[in-house]
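Protein sequence lines correspond, in order, to chains V and S.
The opening residue of the first sequence carries number 896 in the numbering used here; numbering runs sequentially from there.
The opening residue of the second sequence carries number 4 in the numbering used here; numbering runs sequentially from there.
Some hints here could point you the wrong way.
Claimed, not checked - Pair by pair, the computed Cβ-Cβ distance ranges are:
id, chain 1, residue 1, chain 2, residue 2, range
1, S, ARG125, V, SER967, 40 to 48 angstroms
2, V, VAL930, S, ARG86, 40 to 48 angstroms
3, S, ASN22, V, GLU988, 31 to 39 angstroms
4, V, GLN990, S, THR67, 50 to 58 angstroms
5, V, THR919, S, GLN92, 30 to 38 angstroms
6, S, THR164, V, ALA941, 21 to 29 angstroms
7, V, GLU988, S, THR12, 28 to 36 angstroms
8, S, ASP30, V, LEU983, 56 to 64 angstroms
9, S, SER10, V, GLY975, 41 to 49 angstroms
10, V, ASN933, S, GLN92, 29 to 37 angstroms
Said to hold, decoys possible - Computed list of lysine to aspartate or glutamate pairs in EDC-like fashion (alpha-carbon distance at most 20 angstroms, straight line):
id, chain 1, residue 1, chain 2, residue 2
11, S, LYS132, S, ASP74
12, S, LYS174, V, ASP923
13, S, LYS175, V, GLU1092
14, S, LYS152, V, GLU1058
15, S, LYS175, V, GLU942
16, S, LYS152, S, ASP66
17, S, LYS175, S, GLU156
18, S, LYS174, V, GLU1058
19, S, LYS19, S, ASP69
20, S, LYS168, V, ASP1051
21, S, LYS64, S, ASP124
22, S, LYS168, V, GLU913
23, S, LYS64, S, GLU48
24, S, LYS174, V, GLU1083
25, S, LYS168, V, GLU1058
26, S, LYS75, S, ASP134
27, S, LYS168, V, GLU1045
28, S, LYS132, V, GLU913
29, S, LYS175, V, GLU1049
30, S, LYS64, S, GLU15
31, S, LYS168, V, ASP915
32, S, LYS96, V, GLU1058
33, V, LYS991, V, ASP928
34, S, LYS175, V, GLU1058
35, S, LYS174, V, ASP1051
36, S, LYS152, S, ASP124
37, S, LYS175, V, ASP923
38, S, LYS152, S, GLU27
39, S, LYS174, V, GLU942
40, S, LYS168, S, ASP124
Keep in mind the hints are simulated off the structure, nothing from the lab.
All figures in this text were calculated on a predicted structure; none of them were measured in a lab.
All C-beta atoms, glycine included, are put in the ideal place defined by N, C-alpha and C.
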Amino acid sequence: MTKYDADNLSELLRRFFEVDIAETMAEDIRQADAVMDNLPSPVLSAEATARVRHRLYRLGQSPSARGRLIHSVLAGIAAGAAAAAMVLWAIAETQKHGPSTLQMPMAHHPTHPVENAAESAVPDRSELPGFTLTLWDDVPPVEEDGAFAEIKSELDNIARWIEAVGIMENSFPNERVLTGETASKTDEKNKLTAFWEG
Amino acid sequence: MANQQLSETFLERLKKRENSAFDELVDCYAGRCYGYFYRLCGNAEQSEEFVSELFVKLVEKIDTFDGGSFDKWLFTVASNLFRDHLRRQYRYKRLLDEAADYQRSQIDESADQSSHEAISDRLQWALEKLDTDTAELLMLRYYSQVSFKDLAEMRNEPIGTTLSKVHRGLKKLRFLLEDFR
């Protein structure tokens, strides 16, 4: 018990207790330590020690918390890069094959206006907010900094590009095509609508 | 109780999770930690699990070691591990109180059997007569071999309080050992 001696027990106890009490306490502690030193201590078996070692070796092979963090960050970056590549690929494909390949089954074809609004829950194109991308028309003028003006000009460019290629005009399929209706079915539906409306 | 010294590069190697550092950790501390846990819980299998759990925690938390006494840090983690176990056991006992009587009697029977196994020597018997906090303090001092100053810091109490508790505990333990038949 070399470290216990380093405490200099008697001196340490005298700092907190009366001298005679400190001496008695020091003697009690020394005697008890001696009794405990003479008792056998439990021993970890060789098999158990090997099991503990094996568990630590396995831990050493697995990545640390920092390693796991780095791994997850890299995985996130890779996923982001993949998503960006997909978007770029889609844009490139759109430009290569023209806008007609875009399918946006959200609105009616302008050449086939819906005669009865109750027929379809799909809103008319003109009802969709911001559909014409005239975002800045109703906004009062504000002071523009460089970044703000740049974003605005980018959005204007996109709006002009969409108008130029007529992406919206040509990409919406006929409603009948979307729902798979034939001409006879449409006639039948119109007759039924007229009947219910009197 | 041999007290091997750690090599200078031990901590660096442990941070890199090198097998040689694990070996050194086991060689230096497995025996002392096992003794500490065994004296407190009296069960060989559980003590082995404690030692294993402790070493895994040490490796995982090695970055939080601030460079003071490694023994003090290690036994602080060991002490916290044992206290957590006691808390879980306390909650478990409370759950048992709410359980059906036949379940309780079954578990009590198995607990009696394990305590009979545990009282294999007179120190174990004497330690079970002490309250848990005193027994833990005495075993922490004996197996960690840290100074009273460090011991008081580990337990977040004034050094005079630790001295008094150790003295009272050891005195009682010595009487119990002398009375053992």
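Results of checking the hints against the structure:
A hinted range of 40 to 48 angstroms is violated for the C-beta pair S:ARG125 and V:SER967, which are about 54 angstroms apart. Between V:VAL930 and S:ARG86, the C-beta spacing of about 26 angstroms breaks the proposed range 40 to 48 angstroms. For the pair S:ASN22 and V:GLU988, the supplied restraint of 31 to 39 angstroms is violated, since their beta-carbon distance comes to about 53 angstroms. Evaluation of the 50 to 58 angstroms hint for V:GLN990 and S:THR67 yields a pass: the beta carbon distance comes to about 55 angstroms.
Roughly 37 angstroms separates the CB atoms of V:THR919 and S:GLN92, a value that falls within the hinted 30 to 38 angstroms. Judged by the Cβ atoms, the range 21 to 29 angstroms given for S:THR164 and V:ALA941 is violated: they are separated by roughly 40 angstroms. Range check, V:GLU988 to S:THR12: about 58 angstroms between beta-carbon atoms, so the 28 to 36 angstroms window is missed. Between S:ASP30 and V:LEU983, the C-beta spacing of about 57 angstroms keeps the proposed range 56 to 64 angstroms intact.
The hinted window of 41 to 49 angstroms between S:SER10 and V:GLY975 holds, with their beta carbons roughly 44 angstroms apart. Take V:ASN933 and S:GLN92: their Cβ atoms lie about 31 angstroms apart, and the range 29 to 37 angstroms holds. The hinted pair formed by S:LYS132 and S:ASP74 fails the criterion: a straight-line CA distance of about 28 angstroms is larger than 20 angstroms. This hinted pair checks out: S:LYS174 and V:ASP923 have alpha carbons roughly 6 angstroms apart, not beyond 20 angstroms.
Distance restraint check for S:LYS175 and V:GLU1092: the Cα-Cα separation of roughly 101 angstroms exceeds the 20 angstroms cut-off, and the hinted pair is therefore not satisfied. Distance check on the hinted pair: S:LYS152 and V:GLU1058 sit about 81 angstroms apart at the alpha-carbon level, beyond 20 angstroms; violated. For a cut-off of 20 angstroms, the pair hint linking S:LYS175 to V:GLU942 is broken: about 36 angstroms separates their Cα positions. Distance check on the hinted pair: S:LYS152 and S:ASP66 sit about 24 angstroms apart at the alpha-carbon level, beyond 20 angstroms; violated.
Between S:LYS175 and S:GLU156, the direct Cα distance comes to roughly 24 angstroms. Violation of the 20 angstroms bound is thereby established for this hinted pair. For the given pair, S:LYS174 sits about 95 angstroms from V:GLU1058 by alpha-carbon distance, which is inconsistent with the 20 angstroms threshold. Restraint check: the Cα-Cα separation between S:LYS19 and S:ASP69 comes to about 17 angstroms, which is no more than 20 angstroms; the hinted pair holds. Pair hint S:LYS168 plus V:ASP1051 does not hold up; C-alpha atoms about 80 angstroms apart against a cutoff of 20 angstroms.
The hinted pair formed by S:LYS64 and S:ASP124 fails the criterion: a straight-line CA distance of about 35 angstroms is larger than 20 angstroms. For the hint linking S:LYS168 to V:GLU913, the alpha-carbon distance of about 17 angstroms falls within 20 angstroms, and the restraint holds. The hinted pair formed by S:LYS64 and S:GLU48 fails the criterion: a straight-line CA distance of about 24 angstroms is larger than 20 angstroms. With a CA separation close to 104 angstroms, the supplied pair S:LYS174 and V:GLU1083 exceeds the 20 angstroms bound.
Simply put, S:LYS168 and V:GLU1058 have alpha-carbon atoms about 87 angstroms apart, too far for the 20 angstroms limit, and the pair is violated. In summary, the hint linking S:LYS75 to S:ASP134 is not supported, as the alpha carbons are separated by about 23 angstroms, beyond the 20 angstroms threshold. Taking the CA atoms of S:LYS168 and V:GLU1045, the gap is about 74 angstroms. The hint is violated against a cut of 20 angstroms. Straight-line distance between C-alpha atoms of S:LYS132 and V:GLU913 comes to about 30 angstroms, which puts the hinted pair past the 20 angstroms bound.
With a C-alpha separation of about 84 angstroms, the suggested pair S:LYS175 and V:GLU1049 falls outside the 20 angstroms cut-off, and the hint is violated. The straight-line distance between the Cα atoms of S:LYS64 and S:GLU15 is roughly 13 angstroms, inside the 20 angstroms bound, and the hint therefore holds. At roughly 18 angstroms between alpha-carbon atoms, S:LYS168 and V:ASP915 fall within 20 angstroms of each other, so this suggested pair holds. This hinted pair does not check out: S:LYS96 and V:GLU1058 have alpha carbons roughly 75 angstroms apart, beyond 20 angstroms.
The hinted pair formed by V:LYS991 and V:ASP928 fails the criterion: a straight-line CA distance of about 88 angstroms is larger than 20 angstroms. Between S:LYS175 and V:GLU1058 the CA atoms are separated by roughly 94 angstroms; this puts the pair beyond 20 angstroms, and the hint is violated. Annotation: proposed proximity of S:LYS174 to V:ASP1051 is violated, straight-line Cα distance about 89 angstroms (limit 20 angstroms). Only pairs whose Cα atoms come within 20 angstroms are accepted, and S:LYS152 paired with S:ASP124 is rejected, the gap being roughly 31 angstroms.
For the hint pairing S:LYS175 with V:ASP923, the CA-to-CA distance comes to about 10 angstroms; that is within 20 angstroms, so the pair holds. Taken as a hint, the S:LYS152 and S:GLU27 pair is broken in the structure, with Cα atoms around 27 angstroms apart against an allowance of 20 angstroms. A distance of roughly 37 angstroms separates the Cα atoms of S:LYS174 and V:GLU942; the hinted pair therefore is violated under the 20 angstroms criterion. Our distance criterion of 20 angstroms between C-alpha atoms is broken by S:LYS168 and S:ASP124, whose separation comes to about 24 angstroms.
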